[in-house]
Amino acid sequence: MYKKNSKISIKSYINFSELLKEYRGTHEENRLFALKHEALLPNPKQILLAWMEKNSFRKSKKSETQTLIQKFSTLSNFIGLFSLIFGFLAGLGLLSYSGHAPVNVIYYLLFAMFIPLLSMIISMVSLLSSGTVFNAFSLFFPLHWIETVLNFFSFRDKIDVFNTLFSDELKKWMFMNRLQLFSLLFSIGLLFALLVIVVSKDVAFSWSTTLNVSNIDFFKLLACIGFPWGHTLPSAIPSVELIEMSHYYRLGENLNTQMIQNADKLGAWWKYLAMVTLFYAIFLRFLLWLATRYGFQKQLKKDFLELDGVEKLLREFNTPFVSTESPKEEKHLEIVKESDEQVAYAVAKVYETIIGWNFSKDEILLLNDAKGISSSKISTVGGNNSFSEDQKIAKEARAEVILYVKSWEPPTMDFVDFLEELLANDNVEEIQVYPLGTVGRNYESDEREVAIWKRKIQGLKSKKVWVIDV
Amino acid sequence: MYSSEESLNNDYPKFAVVGHPNKGKSSIVSSLALDDSVQIGDTPGTTQVKRGFPLKVDGKVIYELFDTPGFQRARRVLSWLNDQEPVSADKKGDVVRAFIAVHRDDERFIDEIELLEPIMNGAGIIYVVDASKPYGSEYETEMEILRWCGQPSMAILNLIGEENYTEQWKSALGHYFRMVRTFNPIKATFIEHIELLDSMSQLKEEWTKPIKVAIKVLEDLQDQKIEQTVDSIVSNMVKTLSYVHRQKIVGESATTDEEEKLKLSYREKIIKFEKEQEQNIESIWNHRSIEKVENMLVLDNVGLFSKESASIFGLSQQQLIITGASAGAMGGLGIDLLLGGGSLFLGSFIGGAVGGVGAMMGFDNLYEVKVLGQSIGKRELSVGPMKNLNFPYILLGRSLYHASVIAKRSHAMRGDIDLEQEEFLTEQIIDSEMRKTLEKVHVSLRKGDEPKEEELKAYKKVLKESFLGLL
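Read top to bottom, the protein sequences are chains A and B.
For what it's worth, this note's numbering labels the leading residue of the first sequence as 253, then goes sequentially.
For what it's worth, this note's numbering labels the leading residue of the second sequence as 49, then goes sequentially.
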């Protein structure tokens, strides 16, 4: 359920990515949605989440990816639990004390401080690097090898979904974040083991190294390591005396006398070891975990906003929807096919009657002169003539009639009405409609314009009327 | 979806585009409504019923245009109007209304009723004539009828043919219309479109404000379309230039057949990307039904990639060397600046030389074919990214040209688009300074790296400039 200020999760990321593949809405729908959620408009993440929530029902099927991610999440939880147990067992192993040889604090420090610090440095370098450097560093991590091993299994293709679904950057942050969590749990297990051992067993700590390190130098080193808590918790820093009395030499078959005499004091190391674990393995790791979590969230948000289709959605949310289309369906005109029917390809020189549709008498005379056509009876129709004038001309027409028309002016129903009156006159034997071009074109008409006249005349289905096409 | 809002606001400006049949009324409506779905034909009566084209912004109608059938029996209409009892000028509109009422079911006057109805419902009159044909007195009947309607009116001179009778028409129309404008819907630019709207806003005082709003909306829309077009081109450039096609192979090395098949798939993919981008741009500009005649993007060693001609859209070898050298020198300059000039600017010199030689060598390179070793022992063959230095300019030239043709195309135009115009040269719209900016991104993509955000921004800026130059 969408809530204001809700965060993007892997689940919502996958849902959104899958929804966008199936549905993106129209500009009109998306803009309408944005107008209804105007308060969310300044925050792209929130409005996208709200849009996803509203349209989630459009997703056609239950996502296999989602199920796979859930399985991985469960697997990851198991690995987390395993890390905790493993840390605890590792702690028990490190601190195992039989009463013969004391527990070497240097060995413990290696696990509780040096290795975690080194892995954190590698993690950070890996996070800040990319390409080849990142790939090189990833070899240090067990998960890289787990992934490599998984490639051998039949469900490899299913795992491939990670590659198509998540960007390399996101996978990196996801991987790093999980890695920090597992390490943190391991360290918590280690600390827990230390506390259990300290409470349940009487452990003698000592320090021993092959290197020639004096007690004072070792004290300085430990004080330096304990600097973060040295001022607030001075008892958790071993004193020079404690260092001197717990210096252990590997050639002594048994514990030396000094150590045995001060056996009650040797246990005081635990506070220091606990603080080292708490600060270096747990606190710093926790900070790194927080940092990778932040980085992961940031990258997830970035990738969420960069998903294919998001740019379009955001643009449509923010852009007024302008439409100019007609809501009314267009009624398409059925065009009569042109044929040679009722087409004359020659003009006679003399006609009984010459009628000009929308021509003036002067224009007709000029035209006759140009075309070499003559007649004793010349009339004008259409234009400013009255209907009674036109009717009279139609009735008086005889024999062969040539009807001049302006080719560029398509035949109107007004013209058809006149033509029908002319056709109704039994004295008229034949009517030749002559589409003429403009004076500027020497009366040459355009082929397309004549075609319009032909179609109109052919549509009348009269054998008495022809169109001249010369 | 927005019907409730629409019904609340019904006093927006309306314009009925009327006139003689076949004078380009539908073309004008199609152009103004930015809609190429309007049926336009050279057969009279193509428009049989009136159709409203409302300009809606978020569901709110700003204005509405009506495409109407042409006058068919104008003389009979005028004769009927004149035959009625003489009335004063303020009552003439009522006589026209009476005509509509009386003849609503009369088949003879279907067209006239369709065109007069929106006018009598308050629409302004836009009377369209073809000024490439001589004026005739028969038009006076139509203009007289429109005068009877008593609505604000203007005339548009549409030059359909080659002849020009504008002056003749202007002196005749001046007697009937307060405003006469020339507008060719086929060739009209966006600015001319806006100017016509501006003229329409002056027809009635109350219409000025909403039409100004509409002008602002359309200007914003135009800017958005330009932005989206440039984004689409940039995104396709990045996608295409960085594209790597991969395929698993069985053996240790790829067979010739495997290699050829992969190369073919790679080429097909690049061509598909280009087609998708073109469709995207056509949809941005609302041209949905376009048929194109264009040269196919040829991806082989000849044709577009030949040394001699490179491509009409690409750059010459000399220009490529200069571009490569300047891009290299820029890289060298970065080192010089880091060293505070201590390198005596040798970095720039060496970078320039290396870039130039690289460009020369890269002219013949197409794309890299590699066999990649996999950690689990399986092998993969990969093709790409495109190494040819001229290819980005060819692709860019083609994209810009296509986009400019689409953006400029009037919605009144029908028929195919010819995209085989040979005179279009990338070098004419992208100068050497621009090329330096472009080359930085091309270099990153060729290497398989993601270009830096600021470099992409600069790239987009250059493309926008070039695109605007073409509009």
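If you're looking for bench data, these hints aren't it; they were derived computationally from the structure.
All values derive from a computational prediction rather than experimental measurement.
Using N, Cα and C, we set each Cβ at its ideal position, and we do this for glycine too.
Incorrect hints may appear among the rest.
Claimed, not checked - Cβ pair distances, simulated, as ranges:
1. B/S127 x A/D614: 34 to 40 Å
2. B/V97 x A/K553: 29 to 35 Å
3. A/N570 x B/S127: 40 to 46 Å
4. B/L312 x A/L539: 49 to 55 Å
5. B/F238 x A/E563: 20 to 26 Å
6. A/L370 x B/K287: 36 to 42 Å
7. A/K553 x B/K287: 52 to 58 Å
8. A/E682 x B/D142: 45 to 51 Å
9. A/V599 x B/S185: 23 to 29 Å
10. B/E215 x A/F639: 28 to 34 Å
11. B/L312 x A/K553: 53 to 59 Å
12. A/L327 x B/S480: 54 to 60 Å
13. B/S480 x A/L370: 47 to 53 Å
Stated by the list, open to error - Which chain B residues face chain A? A few, computed with CB under 8 Å, are given here:
14. D83
15. G170
16. G172
17. S185
18. K264
19. V265
20. T304
Results for each hint:
Against the hinted window of 34 to 40 Å, the Cβ-Cβ separation of B/S127 and A/D614 comes to about 25 Å, which falls outside the hint. At roughly 53 Å, the beta carbons of B/V97 and A/K553 sit outside the given window of 29 to 35 Å. Taking the beta carbon of each, A/N570 and B/S127 are about 57 Å apart, not inside 40 to 46 Å as hinted. Separated by about 53 Å at the C-beta atoms, B/L312 and A/L539 satisfy the suggested range of 49 to 55 Å.
B/F238 and A/E563 have their C-beta atoms about 25 Å apart, which keeps the hinted 20 to 26 Å range intact. At about 41 Å, the beta-carbon gap between A/L370 and B/K287 stays in the expected band of 36 to 42 Å. Between A/K553 and B/K287 the Cβ separation comes to about 23 Å, which falls outside the hinted range of 52 to 58 Å. A C-beta distance of roughly 47 Å is found between A/E682 and B/D142, which places it inside the suggested range of 45 to 51 Å.
Evaluation of the 23 to 29 Å hint for A/V599 and B/S185 yields a pass: the beta carbon distance comes to about 26 Å. One distance hint, 28 to 34 Å for the beta-carbon pair B/E215 and A/F639, holds here, with the actual separation near 33 Å. The given range of 53 to 59 Å is broken by B/L312 and A/K553, whose C-beta atoms sit roughly 40 Å from each other. Here the CB-CB span from A/L327 to B/S480 is close to 57 Å, well matched to the stated 54 to 60 Å.
Between B/S480 and A/L370 the CB atoms are about 52 Å apart, so this pair conforms to the stated range of 47 to 53 Å. At a threshold of 8 Å, the smallest CB-CB gap from B/D83 to chain A is about 6 Å, leaving the interface hint in force. With its C-beta approaching chain A no nearer than about 18 Å, B/G170 sits outside the 8 Å limit, and its interface hint is violated. At about 17 Å, the closest approach between the beta carbon of B/G172 and any beta carbon in chain A exceeds 8 Å, and the interface hint on this residue is violated.
Hint status for B/S185 relative to chain A: holds, with the closest Cβ pair at about 5 Å, below 8 Å. For B/K264, the suggested interface contact is broken, since its CB lies about 11 Å from the closest CB of chain A, more than 8 Å. Below 8 Å, beta-carbon pairs count as interface contacts, and B/V265 has one with chain A at about 6 Å; its hint therefore holds. Because the smallest distance between the Cβ of B/T304 and any Cβ of chain A comes to about 28 Å, over 8 Å, the interface hint for this residue is violated.
When held up to the earlier numbered hints, the structure conflicts with 1, 2, 3, 7, 11, 15, 16, 18, 20 and fits the remainder.
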